[in-house]
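All chains, please: the whole structure from these sequences, using the hints.
Protein sequence lines correspond, in order, to chains U and D.
21 is the number of the first residue of the first sequence in our numbering; add one for each residue after it.
175 is the number of the first residue of the second sequence in our numbering; add one for each residue after it.
Among the clues, some could well be false.
[What the hints assert, rightly or not] Calculated pairs, SDA-like style, for lysine to any residue (alpha carbon to alpha carbon, straight line, at most 25 Å):
1. U/421 <-> D/231
2. U/419 <-> D/256
3. D/303 <-> D/338
4. U/28 <-> D/325
5. D/306 <-> D/338
6. D/445 <-> D/395
7. U/35 <-> D/307
8. U/35 <-> U/22
9. U/421 <-> D/246
10. D/195 <-> D/375
11. D/304 <-> U/256
12. D/233 <-> D/182
13. D/303 <-> U/30
14. D/306 <-> U/253
15. U/107 <-> U/136
16. U/28 <-> D/290
[Said to hold, decoys possible] Non-contacting residues of chain U with respect to chain D, defined by C-beta distances greater than 10 Å in every case (computed):
17. 67
18. 148
19. 219
It should be emphasised that the hints constitute simulated quantities derived from the structure, not laboratory data.
Source: prediction; values computed, not measured.
No residue lacks a Cβ here, since even glycine has one placed at the ideal position from N, Cα and C.
What follows is each chain in one-letter form.
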Amino acid sequence: MFGQLFVKECRQTAKSLIYWLIVLVMIFDFASQLGDMDIEKKPEEGQEDYGNKLSDDKNVIMEKTLGLLAEEYNRQNYTTYPIGFYKSVTVDEEEDRRIGEIIAETTGLSERTDVEKAIKDWYGARQEDTEGTGPVMTEQLALEPVEGLRYERFEQLMKEADDILGGGSSYAVPGLEGNAVVPKTYEDAVVEYENLVEKDHLTGGYARLFSDYMVIFLGILPVFLAVTRGLRDRRAGMRDLIYARKGSSASIIVSRYLAMLVMIVLPVLILSFIPLSRCLAYASAAGISADIFAFVKYIFGWLMPTVMIAAAVGMFFTEVTDTALAVLVQGAWWFVSVFMGIDSLRGGLYGWSLIPRHNTELNFAGYYENFAQLVCNRILYASAAVILVVLTVIVYHQKRKGRYRLAWKGIGRLKRQI
Amino acid sequence: MSATIEIRNLNQFYGKKQALKDVNLTIEKGMFGLLGRNGAGKTTLMKVLVTLLPKSEGKVAVCGRSVEKAQEVRRITGYLPQEFSMYPNMTVYEAMDYLGVLSGLSRLQRRQRIPQLLERVNLQEDRRKKVKTLSGGMKRRLGIAQAILHDPEVLIVDEPTAGLDPEERVRFRNLLCETAEERIVILSTHIVGDIEATCENIAVLDRGEIIYKGTVPELISMAEGRVFQAEISKSELEELKRRCIVTSMLTLGNNVMVRFLAEERPFASAKSCEAGVEDAYMYLMHERGGETGCSDSYL
Numbered sequence: 021m022f023g024q025l026f027v028k029e030c031r032q033t034a035k036s037l038i039y040w041l042i043v044l045v046m047i048f049d050f051a052s053q054l055g056d057m058d059i060e061k062k063p064e065e066g067q068e069d070y071g072n073k074l075s076d077d078k079n080v081i082m083e084k085t086l087g088l089l090a091e092e093y094n095r096q097n098y099t100t101y102p103i104g105f106y107k108s109v110t111v112d113e114e115e116d117r118r119i120g121e122i123i124a125e126t127t128g129l130s131e132r133t134d135v136e137k138a139i140k141d142w143y144g145a146r147q148e149d150t151e152g153t154g155p156v157m158t159e160q161l162a163l164e165p166v167e168g169l170r171y172e173r174f175e176q177l178m179k180e181a182d183d184i185l186g187g188g189s190s191y192a193v194p195g196l197e198g199n200a201v202v203p204k205t206y207e208d209a210v211v212e213y214e215n216l217v218e219k220d221h222l223t224g225g226y227a228r229l230f231s232d233y234m235v236i237f238l239g240i241l242p243v244f245l246a247v248t249r250g251l252r253d254r255r256a257g258m259r260d261l262i263y264a265r266k267g268s269s270a271s272i273i274v275s276r277y278l279a280m281l282v283m284i285v286l287p288v289l290i291l292s293f294i295p296l297s298r299c300l301a302y303a304s305a306a307g308i309s310a311d312i313f314a315f316v317k318y319i320f321g322w323l324m325p326t327v328m329i330a331a332a333v334g335m336f337f338t339e340v341t342d343t344a345l346a347v348l349v350q351g352a353w354w355f356v357s358v359f360m361g362i363d364s365l366r367g368g369l370y371g372w373s374l375i376p377r378h379n380t381e382l383n384f385a386g387y388y389e390n391f392a393q394l395v396c397n398r399i400l401y402a403s404a405a406v407i408l409v410v411l412t413v414i415v416y417h418q419k420r421k422g423r424y425r426l427a428w429k430g431i432g433r434l435k436r437q438i
Numbered sequence: 175m176s177a178t179i180e181i182r183n184l185n186q187f188y189g190k191k192q193a194l195k196d197v198n199l200t201i202e203k204g205m206f207g208l209l210g211r212n213g214a215g216k217t218t219l220m221k222v223l224v225t226l227l228p229k230s231e232g233k234v235a236v237c238g239r240s241v242e243k244a245q246e247v248r249r250i251t252g253y254l255p256q257e258f259s260m261y262p263n264m265t266v267y268e269a270m271d272y273l274g275v276l277s278g279l280s281r282l283q284r285r286q287r288i289p290q291l292l293e294r295v296n297l298q299e300d301r302r303k304k305v306k307t308l309s310g311g312m313k314r315r316l317g318i319a320q321a322i323l324h325d326p327e328v329l330i331v332d333e334p335t336a337g338l339d340p341e342e343r344v345r346f347r348n349l350l351c352e353t354a355e356e357r358i359v360i361l362s363t364h365i366v367g368d369i370e371a372t373c374e375n376i377a378v379l380d381r382g383e384i385i386y387k388g389t390v391p392e393l394i395s396m397a398e399g400r401v402f403q404a405e406i407s408k409s410e411l412e413e414l415k416r417r418c419i420v421t422s423m424l425t426l427g428n429n430v431m432v433r434f435l436a437e438e439r440p441f442a443s444a445k446s447c448e449a450g451v452e453d454a455y456m457y458l459m460h461e462r463g464g465e466t467g468c469s470d471s472y473l
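Written out as structure tokens, the structure is:
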């Protein structure tokens with residue numbers, strides 16, 4: 021029965037308008053981001069630019085972070101991203117004084133005028149160094165820390181500055197490395213290219229990039245499908261006809277859930293053939309041994325847990341409330357995740373984000389070093405999705421017996437009495 | 175396994191409100207009518223029988239299976255709810271096929287049974303029509319077809335003829351009677367004519383209590399000798415309506431032909447008539463002190 025029900029659910033999904041709207045959004049997302057994807061060429065010596073990278077040199081991290089703090093202190097305005105959203109922060113006199121003291125302790129610049137002068141001097145020197153060779157203002161200000169400043173003390177002071185600013189600033193301790201953006205050298209670029217070709221077999225890097233773009237919309241789209249499916253029985257007046265059937269609640273809910281997953285992942289798999297074929301063509305011409313299954317691996321490993329949790333949230337909240345509340349719940353979660361992910365576009369900073377980002381085909385090292393974290397992240401969401409599906413089955417089962425409805429009404433009555 | 179539905183001391187509560195009070199019934203094979211006003215508790219009783227509502231107190235067994243074993247009961251019962259439809263974009267055949275899968279029928283069983291049933295409910299020609307294009311009567315017939323798709327031992331239909339035109343109503347009643355030849359069919363309705371035309375055994379439910387159970391002729395016998403007919407002037411009508419139950423009236427110029435219930439012949443021109451189910455039902459409801467009561471002088 022389960023197999024036949026699953027096929028019927030897939031067919032129902034394929035006939036729904038909302039499904040085709042979701043597919044259109046996915047195609048649009050793919051075409052706008054990866055429609056004209058170029059394959060990374062081997063870097064050549066003497067190239068003007070090899071891109072940027074994050075430095076793990078503690079001195080560089082301190083210099084760049086202090087440069088940023090000094091600039092914002094001088095401007096008397098700070099940019100923060102609490103829960104991922106932009107916020108302009110102006111501090112009061114006491115807080116301004118304390119940040120001044122932190123700058124003094126870390127850089128030796130004890131007066132605001134000293135800070136202003138240091139900034140001017142730094143940009144002036146950069147202008148002289150690069151006279152006529154290109155833009156200079158894009159390079160980030162760096163201020164040398166005072167001699168003997170220990171990194172631990174630096175972190176303590178940055179945490180204090182972040183607390184003063186209300187969190188979400190560039191001085192939050194996990195994330196200070198993000199301030200240390202430095203240009204890549206030719207050697208860096210060669211290492212990254214070799215990683216792409218030898219360790220990622222070319223397709224791995226592009227599968228990550230593909231996943232990075234697709235995961236954004238896959239964090240929200242499945243919820244619409246789940247909500248419309250959940251509400252369809254009631255809207256169509258078919259609920260009692262289904263409730264009174266022999267079929268088990270588990271087979272009904274799980275077949276619907278699996279059908280949703282398959283129907284969402286199917287267009288993703290089809291779209292992945294485009295970058296895969298480009299990669300294979302390039303690999304063939306360049307004599308690179310490509311991994312033909314890389315996209316499939318990333319779709320199921322990287323994207324599927326996000327699809328699973330979004331669909332499960334949709335099913336669970338729809339079954340519990342008989343409303344479209346799940347869209348609000350998932351929408352809010354998705355919104356916060358997308359904005360918080362802006363800081364981790366380079367990849368490697370996967371954390372526990374619903375939408376792990378890796379917006380480059382390169383940075384295999386970042387991926388490799390944080391692979392365990394990524395795996396934990398994905399297992400967490402896949403497990404949470406399974407738990408939500410089990411809870412949905414329980415709620416659905418109780419509703420079929422009329423128990424959940426009575427309990428719900430009972431709670432309402434109790435609240436009124438209180 | 176017993177081929178009856180046994181209901182013993184069934185009480186049903188919605189919070190403090192009691193929807194069913196100490197209901198005791200034994201329902202055997204054939205058509206069984208459950209009659210009662212709107213809100214009498216008929217749908218609650220139906221839902222307990224099809225396991226869509228947990229019983230509060232008492233014992234209910236469907237063909238020997240307790241309603242607590244929901245899946246077992248669902249396997250042998252078919253249900254046509256009062257308000258229902260199907261996915262509007264599905265065709266008649268697809269909707270039947272989908273529900274057939276949910277009933278655990280194999281592909282082969284569905285292929286054999288669905289055309290047979292659609293033929294039986296006169297929908298075979300419309301099998302490719304979308305559900306949303308069906309008329310009310312066609313939807314009801316499709317409802318019956320889906321309810322007996324898995325060949326259940328018990329068929330429970332809740333207010334099935336509401337909103338149907340007279341022709342569809344007759345067709346639907348006949349269909350129910352044919353279906354009842356091989357199973358228990360419970361017809362819940364507030365339309366007395368449906369019961370009269372189809373059921374031999376009935377129960378009358380009022381405010382959650384069974385106030386009558388027995389055969390239709392037994393119910394009719396309760397009103398025998400108490401049904402009268404008379405032609406009176408329109409000015410007398412109001413007085414008659416105040417004093418007894420007028421079950422029907424027909425205007426004839428300045429006069430009205432009325433049919434009413436009374437314990438004794440109230441005036442010389444009143445003629446005694448043969449009682450019908452509707453008369454008996456109205457009499458029964460009055461006996462229970464319902465809103466349909468007659469003044470003491472006549473009843």
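Against the structure, the hints:
1. U/421 <-> D/231: At roughly 15 Å apart (the allowed maximum being 25 Å), residue 231 of chain D and residue 421 of chain U satisfy the hint.
2. U/419 <-> D/256: Roughly 18 Å between the alpha carbons, so the hint for residue 419 of chain U and residue 256 of chain D holds.
3. D/303 <-> D/338: holds, 20 Å
4. U/28 <-> D/325: Distance of about 22 Å is within 25 Å: holds.
5. D/306 <-> D/338: holds, 17 Å
6. D/445 <-> D/395: Given pair residue 445 of chain D, residue 395 of chain D holds - Cα atoms ~18 Å apart, limit 25 Å.
7. U/35 <-> D/307: Holds, because 17 Å separates the two Cα atoms, which is no more than 25 Å.
8. U/35 <-> U/22: holds, 20 Å
9. U/421 <-> D/246: holds, 13 Å
10. D/195 <-> D/375: Since the Cα atoms of residue 195 of chain D and residue 375 of chain D sit roughly 21 Å apart, the hinted pair holds (cutoff 25 Å).
11. D/304 <-> U/256: holds, 13 Å
12. D/233 <-> D/182: Holds. Residue 233 of chain D to residue 182 of chain D sits at ~5 Å (cutoff 25 Å).
13. D/303 <-> U/30: holds, 21 Å
14. D/306 <-> U/253: With a Cα-Cα distance of about 14 Å, the restraint between residue 306 of chain D and residue 253 of chain U holds, given a limit of 25 Å.
15. U/107 <-> U/136: holds, 24 Å
16. U/28 <-> D/290: Satisfied, since the Cα-Cα distance of roughly 22 Å is no more than 25 Å.
17. 67: It holds; residue 67 of chain U is separated from chain D by about 58 Å at its closest Cβ, greater than 10 Å.
18. 148: holds, 72 Å
19. 219: At about 48 Å from chain D, residue 219 of chain U clears the 10 Å cut-off, so the statement holds.
The structure agrees with every numbered hint stated previously.
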